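A.B. asks: Note that the protein sequences, when read in sequence, are chains A and B.
Each residue of the first sequence is one higher than the one before, counting from 3 in our numbering.
Each residue of the second sequence is one higher than the one before, counting from 969 in our numbering.
Do not take every clue at face value.
Covered stretches of chain A (in silico footprint by chain B; criterion: 3 or more residues with CB under 8 angstroms from a CB of chain B, positions within the stretch not fixed) [to be verified]:
{"no.": "1", "segment": "39-48"}
{"no.": "2", "segment": "152-166"}
In silico DSS-like cross-links for lysine-lysine, where the CA-CA straight-line distance does not exceed 27 angstroms [as the list claims (entries may be wrong)]:
{"no.": "3", "chain 1": "B", "residue 1": "Lys1056", "chain 2": "A", "residue 2": "Lys145"}
{"no.": "4", "chain 1": "B", "residue 1": "Lys1000", "chain 2": "A", "residue 2": "Lys145"}
{"no.": "5", "chain 1": "B", "residue 1": "Lys994", "chain 2": "A", "residue 2": "Lys142"}
{"no.": "6", "chain 1": "B", "residue 1": "Lys1046", "chain 2": "B", "residue 2": "Lys1056"}
No lab work stands behind these hints: they were computed from the structure.
For clarity, every value in this text was computed on a predicted model and none was experimentally measured.
Backbone N, C-alpha and C define an ideal beta-carbon position, used for all residues, glycine too.
Here are the chains, one letter per residue:
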Amino acid sequence: MTTSSIHVEQAPSVQYVLRLADTALIHGQRLSEWCGHAPVLEEDIALANIALDLIGQARALLTHAGQLEGQGHDEDQLAFLREERDYRNATIVELPNGPARPGDFAFTVLRNAMMASWFRLMWERLRDSTDPELAAIAGKAVKEARYHQQHSSDWVVRLGDGTDESARRLRAALDTLWRYSAELFDSDAVDAAAAANGLGPRWDSLREPWLAEMRELFDEAKLALPADSVFRSTGKTGVHTEHMGYILADMQYLQRAYPGGAW
Amino acid sequence: MNQKQNAANQSSLNEWPLWEVFVRSKSGLDHKHCGSLHAADPQMAIQLARDVYTRRLEGCSVWVVRSDQIVASDPADKGMYFDPMEDKVYRHPTFYKLPSEVDHM
Chain A
3 MTTSSIHVEQ
13 APSVQYVLRL
23 ADTALIHGQR
33 LSEWCGHAPV
43 LEEDIALANI
53 ALDLIGQARA
63 LLTHAGQLEG
73 QGHDEDQLAF
83 LREERDYRNA
93 TIVELPNGPA
103 RPGDFAFTVL
113 RNAMMASWFR
123 LMWERLRDST
133 DPELAAIAGK
143 AVKEARYHQQ
153 HSSDWVVRLG
163 DGTDESARRL
173 RAALDTLWRY
183 SAELFDSDAV
193 DAAAAANGLG
203 PRWDSLREPW
213 LAEMRELFDE
223 AKLALPADSV
233 FRSTGKTGVH
243 TEHMGYILAD
253 MQYLQRAYPG
263 GAW
Chain B
969 MNQKQNAANQ
979 SSLNEWPLWE
989 VFVRSKSGLD
999 HKHCGSLHAA
1009 DPQMAIQLAR
1019 DVYTRRLEGC
1029 SVWVVRSDQI
1039 VASDPADKGM
1049 YFDPMEDKVY
1059 RHPTFYKLPS
1069 EVDHM
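Make a model of the complete structure from these sequences and hints.
C.D. replies: Written as structure tokens, this is what we have:
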């Protein structure tokens, strides 16, 4: 027996919140793949903590999106029963951790550093949202994001300013990741609507502060800031890479096979 | 250099030093020893201690000390160091009554 997918409202405010929720959700899912496989025991716990923080943020945001939507969908239904094109995470977080499981550590910490900085800037601005629930979520999440940023930036510097091998691996990771960051700073009708009614900032308003933080981090890590690419990933509009299907298969199998199953 | 010293140096090249972790709880006054971890340097040791030993809101302050910096008393000297205190009851401040204004320690 299987469960039917749910379908979500396309209202801009719902989409705006889902973009944040799904980005946190899928990023948390990717990081959780490290659990039990990290290179160092303490780091295994640290990565799992970060994953849990992100999933916690996703839960709060998904619950709120369900309320905004008004169709009675709860966090679990939204997390596990949508079709691929209804997930609105930015593509960068769905990329595999590396060419083979569990992944490439340099790739993981660099992506963590890039996303933590973005999330922190976003949460700081969301504290002023006209939506009190979103502001409350942001007030809590910003502290988590600050820690994620400190933790992952520390690793980026250690690897970048480390041995020849660690620097080489970090540069390879940056080469892959940079072009996917552009999507995080494009604005469209969804965030124009959100900015207009004070729900949250336009994504392009984060570009300059984020770049400033990346420049500072890369200087210390002896990394060169890559040139911009014309490439644009499209995850936040629901058009994902070939990797998304596999993540959703992992996530959705149980709920679809045992509908309504709970711990 | 003999085999044993070689092995010790080799493992110290491949392993991060060990650190002892002390956490002070929100309501407490003292940092309590709660375990140890491996880390490359003091900054990493503090971060990892936060991740490993404060997950369940155990504390609000963390100390880390390299394990090889801790000097401990020799267990073999336990008798000599500590047994003589057993019968020196006059060293405990129990033979007078504090005025009620200050008797809240």
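A.B. asks: Give me the numbers of the hints this structure contradicts, sorted from smallest to largest.
C.D. replies: 3
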